[in-house]
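Going by the working numbering, the first residue of the sequence shown is number 7, and it counts up by one from there.
Errors might be hidden in some of the hints.
Computed Cβ-Cβ distance ranges for the label pairs, DEER-style [unchecked claim]:
#1 Asp131 with Gly42: 44 to 52 angstroms
#2 Leu99 with Ser15: 32 to 40 angstroms
#3 Pro32 with Arg125: 37 to 45 angstroms
#4 Thr75 with Gly134: 20 to 28 angstroms
#5 Ser55 with Pro137: 20 to 28 angstroms
#6 Tyr38 with Gly134: 45 to 53 angstroms
#7 Gln18 with Arg132: 43 to 51 angstroms
#8 Asp131 with Ile68: 41 to 49 angstroms
#9 Pro33 with Val96: 34 to 42 angstroms
#10 Ala130 with Thr64: 30 to 38 angstroms
#11 Phe133 with Ser31: 32 to 40 angstroms
Simulated from the structure, these hints should not be mistaken for lab results.
Using N, Cα and C, we set each Cβ at its ideal position, and we do this for glycine too.
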Amino acid sequence: MSDLPPARSLGQGISIISLPLPFRSPPSVNAYIVEGSSELTLIDCGVDSPEAHQVLMTGLNILGHDPTTIKTLVVSHLHPDHVGMSPRLVRDLGLRTVMHKRAANLVTRYNDTEDFRRRTAALADRFGVPPSA
């Protein structure tokens, strides 16, 4: 894990929050906050776990941001560590979500971490990847 603080400004209205992941590796994923003239944009949102949600909310507080000023969530790609918390944030904060049109229909599938693990393990087994220790 990095010695950097979990939430910090990168300058020019862009901040980063490192969100914990329930996987062995990597231990975290970066969410970015982009300040607009009257609202914030969140880029990627981590998995939907109590820990990640708490770190996101605490990080916003550390940065001096009110979560209700986030109006848009941009999802860079369809992996659970980038899109997992999106249904909760859309529901709780009313966010507009921007992602590839084809990916939008698959969010719930990728949000199911246990199912994702099972599918990934089956795929690895199918192609001869040895089980991890």
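Here is what the structure says about each hint:
no. : hint                                  : verdict
1   : Asp131 with Gly42: 44 to 52 angstroms : 46 angstroms, holds
2   : Leu99 with Ser15: 32 to 40 angstroms  : 21 angstroms, violated
3   : Pro32 with Arg125: 37 to 45 angstroms : 19 angstroms, violated
4   : Thr75 with Gly134: 20 to 28 angstroms : 49 angstroms, violated
5   : Ser55 with Pro137: 20 to 28 angstroms : 25 angstroms, holds
6   : Tyr38 with Gly134: 45 to 53 angstroms : 37 angstroms, violated
7   : Gln18 with Arg132: 43 to 51 angstroms : 46 angstroms, holds
8   : Asp131 with Ile68: 41 to 49 angstroms : 42 angstroms, holds
9   : Pro33 with Val96: 34 to 42 angstroms  : 26 angstroms, violated
10  : Ala130 with Thr64: 30 to 38 angstroms : 35 angstroms, holds
11  : Phe133 with Ser31: 32 to 40 angstroms : 20 angstroms, violated
Violated hints, listed in ascending order, are 2, 3, 4, 6, 9 and 11; each of the other numbered hints is respected by the structure.
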